[in-house]
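Peer 1: Mind assembling these two chains? They're in different frames, but the hints should get you there.
The listed protein sequences correspond, in order, to chains A and B. Just so you know, the first sequence maps onto residues 1 to 319 in our numbering. Just so you know, the second sequence maps onto residues 320 to 560 in our numbering.
The hints are simulated quantities; they were obtained by calculation from the structure and are not laboratory data. In this text, all values refer to a predicted model and were calculated from it rather than measured experimentally. Ideal placement from N, C-alpha and C gives every residue a C-beta, glycine not left out. Hints should not be assumed to be uniformly reliable.
What the hints assert, rightly or not - Negatives, chain B to chain A, calculated, CB over 12 angstroms: (1) GLY332; (2) GLU349; (3) ALA356; (4) ASN366; (5) THR375; (6) ALA387; (7) ALA394; (8) ASN404; (9) LYS438; (10) ARG439; (11) THR492; (12) HIS558; (13) ALA559.
Claimed, not checked - Stretches of chain A that chain B covers, calculated by requiring three or more beta carbons in the stretch to come under 8 angstroms of a beta carbon on chain B: (14) 79-89; (15) 215-229.
Listed here are the chains, written in short residue letters.
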Amino acid sequence: MPSNPTPLAEAPSETASGAAPAEHVHAALTRTSTGHEDLRELESGLDSLQSDADRKHRVDWSRILLPVAALVVLVLIWQFYVSLGVKRRDLVPGPLDVVAQMGVLWSDGKLQGSMWTSLQRGVVGFLISVAIATPVGLLLAQVAPLRRAFGPLISGLQVLPSVAWVPAAIIWFGLTDATVYFVVFMGAIPSIINGLISGVDQIPPQYRRVGTVLGASRLQMALQVILPAALPGYLSGLKQGWAFSWRSLMAAEIIAVGGTIGFGLGSLLDQGRDLSDMTIVMAAILLILAVGILIELLVFGPIEKRLLRRRGLLAGSTR
Amino acid sequence: MPVVLEHLGKRFGDGAPVLDDVNANIKQGEFVALLGASGCGKSTLLNIIAGLEAPTSGALEVPSDGAAFMFQDAALFPWLTARENIELALKLRGVGKAERRTKAQELLELVHLGSAGDKRPHELSGGMRQRVSLARSLAQDRQLLLMDEPFAALDAITRDLLHDELERIWKETGRTIVFVTHNVREAVRLGQRVLLLSSRPGRVVQEWAVTEEHRTDAGLAGQLTGVITARLREEIRRHAK
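Only chain B is shown next, with the shape it has when bound in the complex (with noise of 0.2 angstroms):
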């Protein structure tokens, strides 16, 4: 198990507990969406796993050598170019010079940006500029990859192909990801696992598995997608005053 989470709880100073004995088991290779409305928490639950922040309260078993992560900005360092930005990461993991060139143009390659390698991130759109974040998240070469709505910047069209290409590059690839999102149809389409979180605090209320099946089948996704939403509105509305 890369991840578990075992009763973890989270409240900043004496407010109102962000996160509250929250349970999740993530398997090896496992694609897990956690899908949320505002507010439930889910940015610093992955934070958490990061290791970027401390949970108040439980306990939380993650890989030794911590994790990628990938941000809903893309955050590339605009003074590097694309190739740069990947090398950065390699070379902050103790890659060597020469190593760093060939192994950053395979993953621009797999990103399918092999010969936008020079151009600098402004020179990039938003779906080019969120692929080459992902290759540097990759180029990180942690098992376990966090992503905080990597997509939800992006126009529609894109976001659609960079779904696809995710879930390409997670098979070819054999990552663990967590995937954060508030988009149900992108968690029902991305993930093998969905995982709602409440609101205030935020705790693991249903998951469910989505399969191959929905994988191709639109109806039936429709159905998972109509259950989900549902229940994620059932959430919501325990907030209305």
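The shape of chain A in the complex, shown without the other chains (with noise of 0.2 angstroms):
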């Protein structure tokens, strides 16, 4: 590099020949703009250097076409499987016997009526929970001899098993709408408690300390800081309380069927099995899925992945 030494030997020699040496000093001891206009200029200049261009968020294709193409060859190596004739064919239907059925479904209006049945009592149920669970999730985790003495019961209720309480919903309510909600309260509220008391947890300290410095009330802190800070972690707890919700609202469908209880996607699961039926079974447990798969698809995928992103967490995840 021939070129370099020039400069770095200018350097001293500048300062020796009696450049001012308190210009050195200069930036760190005393006024260093020299007005209002320089200094809001400067600023500007440093904002733009420091922050990042705007990005634009455009559509990935890869997050679209890799799912069905993960699921087309699910589905091609389950009919390749099928087609190797090891199991007999009513013990294991392939892709399209279990599609014409859930053909077959459809035009007895079955599939649409069990569907829209399951789901409705699904949501209304999750809706309710949630109506429950958050305010006692808060007190809970705002409240620290309430944690203490409810804190275990509500960790075992989310280890129990929903379906442990049907034996008992159908004794005290029956075979009605109130076994099967009952049942899906007991799965999905004690998860979004759980869920919104370890958000509440993860709160920075420091942002409950700037709520107090900001004169927050004890329900200013609750609603204005704790809630939208804990808001990561009470959403998973909706999820996995919806999650909880859904997989006992099948079990209660399973078990008790008959009386007003109405007819959902687990009492089609359960009528498949009494009539030996295995197509109708697999098409009852691939809508069940498939309900899954598009309110996490459709509902909370889009809700989270905002939520992470306004936040600024999105940055490297594989989402």
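Peer 2: What follows is the structure in structure tokens.
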């Protein structure tokens, strides 16, 4: 590098020739800008240097194509296995048989009917669970004695399979919708409460200090600081709560059939078992799975993504 | 006197005292730099003045409406935009909705962030975040503003600019500022008065006045910095084993 030594050699000679040594300490010790306008200009220059340029969001096709490809591969493997003829066709039906059965169920109106019944009950049960669990969770997270008293019980309830409540519910409420809702509540409420509590636990302590310094009352602190700060944890609690609602609902529908309970996807599954018709069983399982996937893709996925992006937590994730 | 500290002491549990016999008077509209090495209880003292902690002995007099507080990290709420962060401070103060909007914009203009109000904290640089944080603490509208090493985590270029900025805003708003720092040059650059706290226990051991000449004459400011640094080192050396 023949050209480089020149500026290097120049630097010390400049100081030696007396270019005000005070210049070097100037920046840290005295006023450095010459006035308000100068300061504004300097700051705005620095701001634009230090902030990232806005990036545009565009449709990422791999997000759509990859899951579809994975699905196609799985169905092909299934079809391949069936065509090997290892098991009897009525025990392990192929994808085409199941699709044909779905067509039959559709034309009977059974498919739409049972799906609608289940979805409606799942969603209503879940929403009521949210309405109950949110204030209870906030209260438990904020009031130490309450949490110490009831925390273990709530955690225990979350571990207890909610299907264990089905016999009790049938004895108490008979074969009515109340039975189904009761089981859904017992599944969803504890997991939403727990999600909210763990979300609150993960709030940086600084946020509370800021809330205190800004003069927030206890209620304001809970609603304006704690709840929004805990939102990511709360949301995963809600997701889990929905999963528990849906599972509990299916369990209840499979076990409790008849009465005024109505005909849901679980009932369809149970009917398939009674008829020993594997295509109905498989169709029901796939429909139950499809509802789970759709709710995640259409409801929780977008909400979660938006939440994380707004907080700058999405960078570098594989979502 | 907005702030009077008399024989203030603080110990946590039965450990050694963190603060011992701290005495200070801070006048209305004054800019006081509280300087000390690590472990001198600077932040504890600030927390006591803010009412976040209680002293174990002594007496203190602070404004009845409390103090605004600015933290070392901006501590902005990530779910709110810059403007909403400021509006929240106004809201918790009881300012009406319509007024909040205009007031927040005014404060954003004051810290030269008039066009960045809709950005979220993670989209702002460290210096911009600290300015939003400053605007938020001004939104509290308290006469007394406590600052706990607010520029410690910033790069040197940004810090120098924010020193000018803070001085300008202090003059424009007439606040009383207590500024905690472990940076001697920062203390000399900003404070009208520099209080040196000793370490373990923390006590005000000496104070210096910084005049307007120090603001423009780098030689004079450098000299004072040297004197204060020497005294600070003396304090630190006492703890050598």
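Peer 1: Run through the hints listed earlier and report the numbers of any the structure violates, in increasing order.
Peer 2: Of the numbered hints given earlier, those the structure breaks are 4, 6, 7, 8, 9, 10, 14, listed in rising order.
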